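As you go down the protein sequences, you meet chains A and B in turn. With this note's numbering, the residue at position 25 of the first sequence is 25, and numbering never jumps. Each number in this note's numbering corresponds to the 1-based position in the second sequence with 228 added.
Hints are computed from structural coordinates only; laboratory data are not their basis. On a predicted model such as this, the values are computed, not experimentally measured, just so you know. A portion of the hints provided could be inaccurate.
[Unchecked claim] Simulated restraints, written as ranges between beta carbons of each label pair:
| no. | chain 1 | residue 1 | chain 2 | residue 2 | range |
| --- | --- | --- | --- | --- | --- |
| 1 | A | PHE20 | B | ILE281 | 16 to 26 Å |
| 2 | A | HIS138 | B | LEU412 | 21 to 31 Å |
| 3 | B | ALA277 | A | ASP77 | 20 to 30 Å |
| 4 | B | SER293 | A | ASP46 | 28 to 38 Å |
| 5 | A | GLY55 | B | TYR272 | 52 to 62 Å |
| 6 | B | LEU412 | A | SER184 | 38 to 48 Å |
| 7 | A | ASN39 | B | ALA368 | 37 to 47 Å |
| 8 | A | ALA190 | B | LYS407 | 12 to 22 Å |
All residues carry an ideal CB built from backbone N, CA and C; glycine is no exception.
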Amino acid sequence: MHSTLVRAQNVFGFFTTVAFIVGALVAVTGYFSLPSDGNSLDVSVDLKNVQVARGRPHYYSSKREEYAQIRFDLDADLSPLFTWNTKQVFLYIMASYPPSVSSASRDSKKKGSSPSPNPGPSNAIIYDKIITSRDEAHLELRNQRSKYQITDISGRIANRHNATLEVAWNVQPWVGALTWGTSSEGRSKAFAFPALKSTGAGGGGAATATKKKNVAGEQTMGSAAPAA
Amino acid sequence: MAVAGLSRRPPSHPMKNCWTFPLINVRRLLSGSLMVFLIPATAYMLWKAISLITDSSHPIVVVISESMEPAFKRGDILILWNRQSLVKVGDIPVCWLPGRSLPMVHRAISVINTSISYAPVKVIQQILTKGDNNEVDDIALYPPGQNWIYRHQIVGLVWGYIPLLGWVTIALNEYPWLKAIVMLTLVLGILLD
Chain A
1 MHSTLVRAQN VFGFFTTVAF IVGALVAVTG YFSLPSDGNS LDVSVDLKNV
51 QVARGRPHYY SSKREEYAQI RFDLDADLSP LFTWNTKQVF LYIMASYPPS
101 VSSASRDSKK KGSSPSPNPG PSNAIIYDKI ITSRDEAHLE LRNQRSKYQI
151 TDISGRIANR HNATLEVAWN VQPWVGALTW GTSSEGRSKA FAFPALKSTG
201 AGGGGAATAT KKKNVAGEQT MGSAAPAA
Chain B
229 MAVAGLSRRP PSHPMKNCWT FPLINVRRLL SGSLMVFLIP ATAYMLWKAI
279 SLITDSSHPI VVVISESMEP AFKRGDILIL WNRQSLVKVG DIPVCWLPGR
329 SLPMVHRAIS VINTSISYAP VKVIQQILTK GDNNEVDDIA LYPPGQNWIY
379 RHQIVGLVWG YIPLLGWVTI ALNEYPWLKA IVMLTLVLGI LLD
């Protein structure tokens, strides 16, 4: 009953029981001390500039396609997300734009059959940041260049209307459940991807002067060239 | 007082009615083996129960690579849930591509929705993933000719995290002698009790 092996077993068993209980307590209390409503966080994002160019934005692009480069302003205060159970916060900004009409739904409209359901917007992350401590949780970015270029599966991204930028985050705990959140204030105003740059300089996202084609009804907020 | 002439039969041992061979008591061996098999059987039952609840073939995975650091380190355990029909950008799908021996845990950075009115699944999603710790997205890691992953290749989305507990699995897989020792200890422990 008191041999070394039995003592070692008892210690190990006690250790695992305590570790399990402490882990469960940390997970539960950490989850409930996160802000329940993402709207209470102070985040806002504004589009500063968007340019559409044609080229090979990715290392694997086998053919030239249209891609968009975005510049934005971001104000975010994510410190309420940092509880004792928060290991890191993954902040990301996604561009949300209406999907291209698939040929299937185009055909069904022609035949007069029931309209295909709206599949929802396409989303792509244009910028992300990993925040590991509360001190870094205040972000103020001005005219920040996006990390990733947006391409669409159809190869065309120009002249799409009703696109927005949205801020969202993913809280990564030390133990327990991962949570995702977004704020209704963290949505930019709707903008449109402008027409292709007519200079035809492919393969680069340089901020050369954009000659806009005159497309009626286009929201021009997104196409204004910024003061560098 | 001596009772002359009477011989006493030795008292019969209760176990002596079964087959007893020298050194091995078969009944005790059989009941001991039952106890030994109970352990992996219970584990398997729990695993399958969790699989049913989460609707995932592999509801608990161990992180092997460092492509999602600093969030997921080698040896961490991830718990998955597979009942979502649509994937959102920012989710962390675990995708098992055809022909691969291990799944890939990366973040969905681009999701394209296409509606197909004639299919039972109303929305087809094309998902592009990228590890947080990687510079570029995962297209180089997909099978040649495939530029997106699809919902049916996803084994589950990550919702739960337990640090460090997966090192047991990693050690057992990388050092087979360790596995043999653990099994032997378990078996001996049951049999000798």
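- Item | Indices of hints not satisfied (ascending) | 2, 3, 6, 8
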